[in-house]
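Enquirer: Given the coordinates of chain A, work out where chains B, C, D, E and F should sit on it, guided by the hints.
Listed below, chain by chain, are the residues.
Protein chains: 6
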Amino acid sequence: MERIAVFPGSFDPITLGHISIIRRALPLFDKIIISIGINSEKSSMFSLEQRLSWIRKIFIAEKKIEVTSYGGLTVDFCTERNANYILRGLRTSTDFEFERGIGQVNRKMASHIETVFFLTEPEHTPISSSIVRDVIKHGGDVSSMIPEEVEY
Amino acid sequence: MERIAVFPGSFDPITLGHISIIRRALPLFDKIIISIGINSEKSSMFSLEQRLSWIRKIFIAEKKIEVTSYGGLTVDFCTERNANYILRGLRTSTDFEFERGIGQVNRKMASHIETVFFLTEPEHTPISSSIVRDVIKHGGDVSSMIPEEVEY
Amino acid sequence: MERIAVFPGSFDPITLGHISIIRRALPLFDKIIISIGINSEKSSMFSLEQRLSWIRKIFIAEKKIEVTSYGGLTVDFCTERNANYILRGLRTSTDFEFERGIGQVNRKMASHIETVFFLTEPEHTPISSSIVRDVIKHGGDVSSMIPEEVEY
Amino acid sequence: MERIAVFPGSFDPITLGHISIIRRALPLFDKIIISIGINSEKSSMFSLEQRLSWIRKIFIAEKKIEVTSYGGLTVDFCTERNANYILRGLRTSTDFEFERGIGQVNRKMASHIETVFFLTEPEHTPISSSIVRDVIKHGGDVSSMIPEEVEY
Amino acid sequence: MERIAVFPGSFDPITLGHISIIRRALPLFDKIIISIGINSEKSSMFSLEQRLSWIRKIFIAEKKIEVTSYGGLTVDFCTERNANYILRGLRTSTDFEFERGIGQVNRKMASHIETVFFLTEPEHTPISSSIVRDVIKHGGDVSSMIPEEVEY
Amino acid sequence: MERIAVFPGSFDPITLGHISIIRRALPLFDKIIISIGINSEKSSMFSLEQRLSWIRKIFIAEKKIEVTSYGGLTVDFCTERNANYILRGLRTSTDFEFERGIGQVNRKMASHIETVFFLTEPEHTPISSSIVRDVIKHGGDVSSMIPEEVEY
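Sequence order for the protein chains is A, B, C, D, E and F. Per the numbering used here, the very first residue in the first sequence carries number -15; after that it's consecutive. Per the numbering used here, the very first residue in the second sequence carries number -15; after that it's consecutive. Per the numbering used here, the very first residue in the third sequence carries number -15; after that it's consecutive. Per the numbering used here, the very first residue in the fourth sequence carries number -15; after that it's consecutive. Per the numbering used here, the very first residue in the fifth sequence carries number -15; after that it's consecutive. Per the numbering used here, the very first residue in the sixth sequence carries number -15; after that it's consecutive.
None of these hints come from the bench; they were simulated from the model. Quick caveat: nothing in here was measured; it's all calculated off a predicted structure. You may find that some hints are simply not true.
Repeated chains share a single entry, so a pair holds when one copy, or any two copies, can fit it.
[Stated by the list, open to error] For lysine to aspartate or glutamate, the following DMTMM-like pairs were computed, each having C-alpha atoms within a straight-line distance of at most 20 Å:
#, residue 1, residue 2
1, K15, D60
2, K48, E(-14)
3, K41, D(-4)
4, K92, D118
5, K92, E105
6, K121, E64
7, K48, D14
8, K92, D125
9, K47, E(-14)
10, K92, E132
11, K15, E98
12, K121, D60
13, K92, E107
14, K15, E(-14)
15, K47, E133
16, K121, E133
The following block holds chain A by itself, in its conformation from the complex (with noise of 0.2 Å):
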């Protein structure tokens, strides 16, 4: 059976972080769907097109990794997908609480579908979408914190 992973998120936008994580763990699955769940009263700084485009770009080398966008819950997502496994990155102790309780009420609609985890780098600790996003809106560069092909 084939081990496939969806990486949910905003990516508003990609981060080091984020790429780290899918990087490290690609050898793991043999695809990992990074999916950008669409929400219709959280709005984005970025299109729905212009983050996937970027995306894209970055992993374009990638035959495992596959990008797209879904509405709806994440766990539905998955079984449409055939994917068992939600890939996720902790940075804190406050993100892993927000993402115990994700992760266990996921367990609850579909118990098919674990979570895994992998943790970032230290140096990667401090960066978020909503501090890079906060930066932007300052003026501020944040070319320590994103990748090259992030251009807006």
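Expert: Here is chains B, C, D, E and F on its own, set in the frame of chain A:
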């Protein structure tokens, strides 16, 4: 002197976690007033009437439980109703730090009112009203997280 | 049915934080049994007799308080003494995670026994028996952390 | 070289907790610039003028304190003002994780600027500007949480 | 390339929480080596032979599981056994901070070895080997926390 | 008035994390006294002389740094040396809760002494003396965690 507790919350909607806390705390008090705080700034998914009606239906047989709503400060409502205790459940350490701040500020304003905490059952730890609303919005099944009286 | 609580601990020595929790919880219960757990593996700074004697002196005027010691499991002692509640104070989130584990395991073993938590006063948050012992060992002054009845 | 610190914040309104941090940190620095970050997206309860005026009144006698506001990134404001230190208070571990992220990202952008943390006094731990605003909105008394100079 | 994981631990004794993690992680790996770290400084309640024998009995039917012990560093054992993954369960945020330190130091020493985390089931959150030992020492019943194969 | 800080610790052994904190804090103080607390109950891996000698070698060129040891309470040592500041690094939220307790108790005993915290660099977050000792005991390579002056 009667031991009266107020269990304040949004209950948007009430979950199996809330119900477990209330039933387990009931023998300790002479009366528990489940009371929905009316917060003009925070919009709710379900109407106040709807939320009150569900809670009343669940506890219809419990003579020691009253279900109502209130505006203003929780400690003022407690004083008005002669309640010396605020009842709260604790799920996670993030919960705890939030509740500790509220509880200690409540005592600064009304030193005779104590917050009394019960632990959630382990299986209810991931369940919160906000996660229930999120699953509902995405069309998921929340029947393992809320009581059957909550029909929407 | 009487509301009896056991407040278990090492009380090596009892601090102002413990006393505040006990006094504030007293109106909620018909009886509080302050009980020193005898742990053959953990060595204490002060003898069991000394610790019991200090606590008895502090609460000599409180008819609803009993002071004693016990071996074995806390839940077995509670059952023997007809106590349905374990009383504990919460200072920090590290405390909370520790207490949650103990409290949930206690309910696994004796589902009718609930742990009831009160918050420490903000000014007592940094005070613990272990920090008091540490200051004593280094020759410091602990008079702002313990009651005057604790004479050593 | 002068030791200049910026104490950035919203101060909406300034609390007794902020004041304690500033007064205790004052001997360590040659100058502390209390500076209100102007955030066009976040609406405040009190106007910028009002907030500045309260802080100026409180510290009118302190020659080493300057009160001002700034737009843009905190590190850019620090550079402009020759300040090598950002001063912050720490209340809880949730605070800490948030501040660590900001502080480490600030060093990524400007490695010569260090964030220096002081601990809040235990009795100020539950006090935050957001809890003060919440109590004010519900008609409560905040006189034990803010200085008398904050008149509204 | 084979996906081999080492699940290191003391397993003193193995709990229902450990077993759940292993069974749920099994489909993701080609082999899981459950391996008891031999720590000359830490004394165990049960002998190494006893602990190995219990684990072997539990997983006797699983072809993909091997049960063994090791001395020295976990990463050295992984390298020797061609394992690129260390498997660990996460229960609480205290757990998380501890595991993050170990996991990131392991990567400093052997950058090709990744720690992969699974979440414990909510009902297993309060269960740990140390709490099991503590209940056993006090004469309590641990049958809801350990597998029936663990007979002592 | 001189700004003198004591950086207390066991430094068993000193790590790259400690060194980074000291170097970054140096411009803020007129003198930093790195001081090894002598704790008769805690056994160390390296002798006091060895630890002092490594630290002296590392900072031999720094005129503002003094290296010494002390018995008794840290605040008493500070008073004796006219130091109004205790310098500490913060890595994790577990660290923070521990340090907050110590720091607030120190102020209870000596209200003129403030603890000043610096953040560790992200890449030093997983490094602690205890993890270094653990790796050494198991025969691992700690050269990425300690300075070259630490030869053992």
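Enquirer: Check K121 against E64 for me: Cα-Cα at most 20 Å, and say if that holds within a copy, between copies, both or neither.
Expert: between (37 Å within a copy, 19 Å between copies)
Enquirer: Up to 20 Å between alpha-carbons, please classify K47 paired with E133: within, between, both or neither.
Expert: within (18 Å within a copy, 45 Å between copies)
Enquirer: At 20 Å max between alpha carbons, let me know whether K15 reaches E98 within a copy, between copies, both or neither.
Expert: Intra 15 Å, inter 18 Å, cutoff 20 Å: intra and inter.
Enquirer: Taking 20 Å as the upper bound on the Cα-Cα distance, should K15 and E(-14) be classified as within, between, both, or neither?
Expert: Cα proximity of K15 and E(-14): in one copy and across copies (8 Å, 16 Å).
Enquirer: Indicate which option fits the pair K41, D(-4) if close means a Cα-Cα distance not exceeding 20 Å: within, between, both or neither.
Expert: within (15 Å within a copy, 42 Å between copies)
Enquirer: With identical chains, the pair K92 and E132 could be close in the same copy or across copies; at 20 Å between alpha carbons, which is it: within, between, both, or neither?
Expert: Classified as between: cross-chain Cα gap 17 Å, same-chain 39 Å, threshold 20 Å.
Enquirer: Is the C-alpha distance from K48 to D14 at most 20 Å within one copy, between copies, in both cases, or in neither?
Expert: both (6 Å within a copy, 19 Å between copies)
Enquirer: Is the C-alpha distance from K92 to E107 at most 20 Å within one copy, between copies, in both cases, or in neither?
Expert: Answer is between; shortest inter-copy Cα gap is 10 Å, intra-copy 34 Å.
Enquirer: Should K92 paired with E105 be assigned to within, between, both, or neither, using CA atoms and 20 Å as the limit?
Expert: between (30 Å within a copy, 10 Å between copies)
Enquirer: State whether the alpha carbon distance between K121 and D60 is at most 20 Å within one copy, between copies, both, or neither.
Expert: between (35 Å within a copy, 13 Å between copies)
Enquirer: Using 20 Å as the alpha-carbon threshold, which applies to K48 and E(-14): within, between, both, or neither?
Expert: Answer is both: 12 Å inside a copy and 17 Å across each meet the 20 Å cutoff.
Enquirer: 20 Å Cα cut-off: does K15 pair with D60 within a copy, between copies, both or neither?
Expert: Cα proximity of K15 and D60: one copy only (18 Å, versus 29 Å across).
The structure meets every hint from the earlier list without exception.
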